[in-house]
Structures are given as structure tokens and as C-alpha cells.
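Top line first, the protein sequences correspond to chains A and B.
Convert by adding 675 to the 1-based position in the first sequence; the result is the number in the working numbering.
Convert by adding 675 to the 1-based position in the second sequence; the result is the number in the working numbering.
If you are wondering where the hints come from, they were derived from the structure by calculation, not from laboratory data.
As the structure is a computational prediction, the values presented were derived from the model and not from experiment.
Heads up, some of the hints might be wrong.
Because identical chains share one entry, a pair is satisfied inside a single copy or across any pair of copies.
Stated by the list, open to error - The list that follows gives simulated cross-link-like pairs (lysine to aspartate or glutamate, DMTMM-like), each with its CA atoms no further than 25 angstroms apart:
{"id": "1", "residue 1": "K695", "residue 2": "D982"}
{"id": "2", "residue 1": "K896", "residue 2": "E790"}
{"id": "3", "residue 1": "K1016", "residue 2": "E790"}
{"id": "4", "residue 1": "K1016", "residue 2": "E988"}
{"id": "5", "residue 1": "K934", "residue 2": "D849"}
{"id": "6", "residue 1": "K696", "residue 2": "D982"}
{"id": "7", "residue 1": "K1032", "residue 2": "D849"}
Protein chains: 2
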Amino acid sequence: MRVVVQKYGGSSVADTEKIKKVAARVVETRKRGLAVVVVVSAMGKTTDQLLARAREISPSPSRRELDMLLSCGERTSMALLSMAVSELGYQAISLTGSQSGILTNDRHSGARIIEVRPFRVQDELEAGRIVIVAGFQGVSYKREVTTLGRGGSDTTAVALAGALGAEYCEICSDVDGVYTADPRVVDSAELLKSISHEAMLELAAHGAKVLHAECIEFARKSQVALYARATFGDAAGGTRIDRPEEVGELDVAGVAGTKQLVRLRASGERSMDRMLAAAAEASLPVLHLDADHEIADLWFSLSDVPDWASVREQLLDQVQVEEGCGAVSVAGDFFGRNAAKLAKTRSVAAGVGVRLKAMATSPLRATLFCAEEDVDTLTQALHRAFRE
Amino acid sequence: MRVVVQKYGGSSVADTEKIKKVAARVVETRKRGLAVVVVVSAMGKTTDQLLARAREISPSPSRRELDMLLSCGERTSMALLSMAVSELGYQAISLTGSQSGILTNDRHSGARIIEVRPFRVQDELEAGRIVIVAGFQGVSYKREVTTLGRGGSDTTAVALAGALGAEYCEICSDVDGVYTADPRVVDSAELLKSISHEAMLELAAHGAKVLHAECIEFARKSQVALYARATFGDAAGGTRIDRPEEVGELDVAGVAGTKQLVRLRASGERSMDRMLAAAAEASLPVLHLDADHEIADLWFSLSDVPDWASVREQLLDQVQVEEGCGAVSVAGDFFGRNAAKLAKTRSVAAGVGVRLKAMATSPLRATLFCAEEDVDTLTQALHRAFRE
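I would like the entire structure built from these sequences, with the hints used as guidance.
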């Protein structure tokens, strides 16, 4: 049985008309003789609307209750999509994260997939059905509903693709692939035909929104080939994300900017320890940490912290909190190890009058931290300097 | 531990402001030293909106997928209510039908509760928490999500009250209790202070919308005292539904009308058998059956058959289908055994020019079947004749 996994984002299933079109696309794939597993997100802005309602009730709702609330979004869209596929004369069944065997840890509102036991999915595929799976959700060993944090549906899709030994996994959205920079910020950004898992991981972790970092990490580990494609566009287009030996490494794959970062700062060894303990207590996903004997800075993204209001209260006793930060990253083949290129990033920043708060590198990436309002300017300047 | 169960209907949790008010009412009860279990419906018209979306996609969606879809409504409201109770400084936890141990048969979109195993609910109550349970839903022995059909949240509440040995169960809605007839149809309808389980069961089964028949049946079997009350009204008002020895039997408790009935008719023994087999196949809940050697009539309500379009197709081969029917019932102490009263109902109908299609009785009730458009006229006339 040749299996493919397709994931459809919220804008692709925003209303019943679009759901019908997605059903047709799914059936097209089935007609090519493939067993199809579909992972869906919540319809349109459903998740944001549910979050807004929660905030009308409580500035920092319990994460467990948030998960219970948010998991409804995907359940709604998967049931509707399953009905739409049936209307086209193909057998379909929708399965929750729990029914699909998506097992997670118990970190509510940001759980990690620990294991996938897709026995029910396999049974249904063998019975000839198209299987529609709720993205973004799983079940903890305590049998509680968990959600995976932003971009979690991508992760569901890739994790399932790995567990099922799928031929490939398609991530379908309203964006037609991975660009060298956000086209809304950089006019001359170009669509990439292909990119390695590793470079994509760097871009995704640092602001490229088309794919989520954790999803790429799963794809890299299980060696699943990914396609980022437009749902209602060229079925053979988009960007292929695969092993470097398949797609090669690009000198500079792209530039990604991210806003809404927060810097926590602690001075002195003991307060550094307290800062890390507090961050662990609040389950803050660390974007970057740098420390010397005097000062430790911990950076994270507000988009990873749904209950920031209450977390902030806890932290203020222990550390300095600086909101309104941002960062721009450049990713490419050994970019972060090339001192000449790193020097050039600094002069580019200076050239457009952007004051850097900090800098950090990995072998494939350099990240420049700045004020939130400088992110777009710096993105444009770095793209001009390295990609044009 | 003294336990009470409160159920809040859709209009009571229609928006976040109302959810906050319900949370305050729940906390008021908790402050009186009672352990509180809350059963919630979906917010406002959520269920109808979800159904409308399903119908945009398919005229007769699979019942399993409908259940997956509709169960989201209650999950949303319970998570929000749990957050709102927490905001007031009380510990709360929301539990799905499955987590609450609501076990049902596997008749999707109209499942019956077979057993309640409220171990988790009890644990949470003992830990001092207010437990918020999703109404209208359960889990089948196949571990599939099921829904209970219209009014199912009332049934959830009463079944839990029975299993927990609750002192009483409150059904809170935008209606302040049980009336002698629908006040929108009969101006002079009066609020009943109390009514027996048995008489209420007859009214509910035949159109009184304030409480659902299955919920009363559960209350009758487990001898749970029920109160039908307005959520935002007099906390000690409303109607008490209890054992006849507690509340007495009324000569005429009330008049209830129901529309959207369908009559199936078969002529000849073999076609009667085929009709019943087809009805069983389609899981039609029979409202009334009468048969002689020549003709069998089977009545049911469209509100019990979410996939009527496809069921209708199957039936048309076998039987005559008459849509657009209705019925008016009068319930009271041995009303259905009193020939004089039965005769009076017929003369009342004739007096207002309503042609009866059929008549049926039980010890506590008489039901007059008529055309849908005659239901209101007949309700008013019977209320005038028997209650005023």
C-alpha cells in the first residue's frame, strides 16, 4: 500500500465551499491509486476566535482547559471534510488525535509528540477508506486532550507520515511554497524549488511561517520528503524539503524575521539559576540562551506562551523582562561558521541604522536580535545583501 | 458529600458574559457547602449552525461524522465555563462525556445512555473541584464519540445525578419552568409548581420542550427530584418534578403540541412487516404505532431523524409517507382512561373545525393527530376546555 499524507491549513478549509474543493483534491490523489491520510487544521480563524473568547473570560486561562477548547476546531473541520469526501462517492472516516494514536507528553498547549501508534489509521486505510485526522492535537498518557502549539497540524502530518512510511507528505496552504524571505516584507523574494531539512529548520525556528520548526525536525529525523504547496494552485509546484543529498545546500537559502520576542535578563550566577528554574516552571520554550559570568539572556517568542499574562507576573520577581524585541535570521550552507559573512551581516545592519541587541549563530544560521520595529528594515537589507 | 447537578441550556451560555453569570450562579451553590456538577449545552445556536454547515456539504451526512462534529459544541462551552469558574477563585475541571463515564450504545446521533461510571467525576469532586461535564455526548463501547439526540444534555444531567446519588438535579434554561401549555401559543398558560414524573413524561414525549422525555424517564427510574428553573431568575422558583406521592397527580397537568410529524402507512400484513423492518433499519424512534389487519400507521418526529433525506428515499419503496402532520396531547391523572374526557377532546376538536387524522391514548394521556397547521388552534381549544 502506497500511502501519502496531505495536510490542509485553516485558510484551505475556511468555509464549506473550500472544504468541498479540498475533498475533490483528496479524491484526485486517491484516484491515482494512493492510500490517502488527510490532516486538517481548524477552519479559518476558528482557533483565534476560540482564544479570544477564552480571554474575554480570563486573562490567563488554564492550559488544560485551553486545550479542551481549542481541540474542537479541528474536530469540526475533519467531520465536515469527511462528509464532503463521502459526498463524492469515496469512503471516509474522521479520527481524533487520540483515535489516530498521536501520543504526547502532558505539557498542555504546547505538547510534544512522543510516539505515534497509527494502528487504527492503518486498519481504516486497509479497509479502503480515506482517513481524515484532526491536526494539532493528541492525547497524553493521563488520557487528557493536549494540543501541540502553533503549527502543530504540520507536525501531526509529518509524524504520521513517518509512522506510516508514507511516500511523501504535502503541507497545503494558501502560500505556494517557501520563499527566500516573507514576500509581504521583501518585494523581490523568490520561491525556492527545494531546500534541505536542515536549512528549512533554521528558517522555520526563526520566523518563516510557512512550515513549523517541529514539523521539519520530525521530517528530518524520519527522512520524510515534504512538499509545501498551495492547496488551490499547481499540484506539482511548490517547494520540496528533503535530505541535503537529494536537494543540495544553498549558499543562502533565505532570510526570516520574527517579532513579539521577549528577552529575560538575570545578573549573577544565582539569579541565572533562578531565571532558568522559573522558565522551566512556566514551560517557556527557549528560542536562544546566552550567558557569561555576569549576565544571562534568555529569548523566547510570545506566540509560544498562550498564558503570558500570568507567566509574566511570576517572572517579574526574578528577572528583568524586556518585551517588544525581534530578530532576523539568515540561513544557508555553513553560513553561521563563515566569519566574513557574519561580519557582513553586522555592517548591513549598521548601514540601515539598526541597533543590534545581540547576535547568535548555529552552523547553518546567523540571528540578529533587534527591536521589534526594526525587523522589517533589517530583513529587507539582509535579503538585498545576500540574495539579490 | 452532598452533591447537586445543574444543567445549563444553550441560551444560558450563549456568550462569554452569560457564561460568567452562570459561573457566579455555580459558585453561589458551592458556597452553600454543596459539591457541584455542572452539565452544559453548546453555546446558543451552535448546534444548529454546525448542522447547517454539514448540510451545505451533504444532504444526509454520516451519523458518525455528525456526532464527531456536534460534540464540539459542548466541549467549547464547558472549557469556557471552567475558565470562568476558575476566575472566581474556585477550582474547576471540565470533562468530556467519555471522561465522565457516560457510556452509550452505538446508535450515532441518537444514542441511549446504557451506564454511567462517574469515577473520575467523583475523584474530582472529592479533590474539592467543581466538575463541568459536556452534555449531549457519550462514548460507545467501540470507543466512538456518540451524541444523545435532542435534549440529550438534560439526560446527561439526570443520569449523572442518579449515578452520583445527587440531592436534586436542576435543569436551568431561559424558561422559568413547566407551563400548562406553550405560553407562545396559549396566552393563559400557567406555570406549574409541581408535576409528577409520569405526567411530565407524557407531556415531554408529546411536545413540551422544556424537558426531554428521556431525561424524565431517567429521573423517574432513579427517583431523582428535578427542578426546571430559569438560569437568571428566582433561584427557588420553577417547577418541581418528583414522585407522585411527593407532588400529587393533577387532573389535567397540561396540553402539549408537536409539529413536523410524519406518518408512514402500510396496507396488508406483509407490507406492515416490511415497514417495521425498514423503520428498524433506519433506527426511526417510533412516536406511536397503531395497526389492524388492513392498515398500520407509524408516527415519528422529524426532529429525531437528522438524516431524513436519505431515510425517506429508502422508505418510499416500501410505504406511503405523509409529511406535515402534528399532534396535540393532554396529560393528567388517568386522563387517557376516562372515556368522558376522551369524548370531550373530540368534540372540542370538531368545535374548532380541526379534522383528526388519528387518536391514541395511554393511561395518563390522550393524543390527537392532525395536520401540522391545526396544532396551535387545537392546543388553544383544549387548554381552554380543560384548564381554564
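Handout entry: In rising order, the numbers of the hints this structure does not comply with
Key = Checked against the structure, the hints that fail are numbers 3, 4, 7, while the rest are satisfied.
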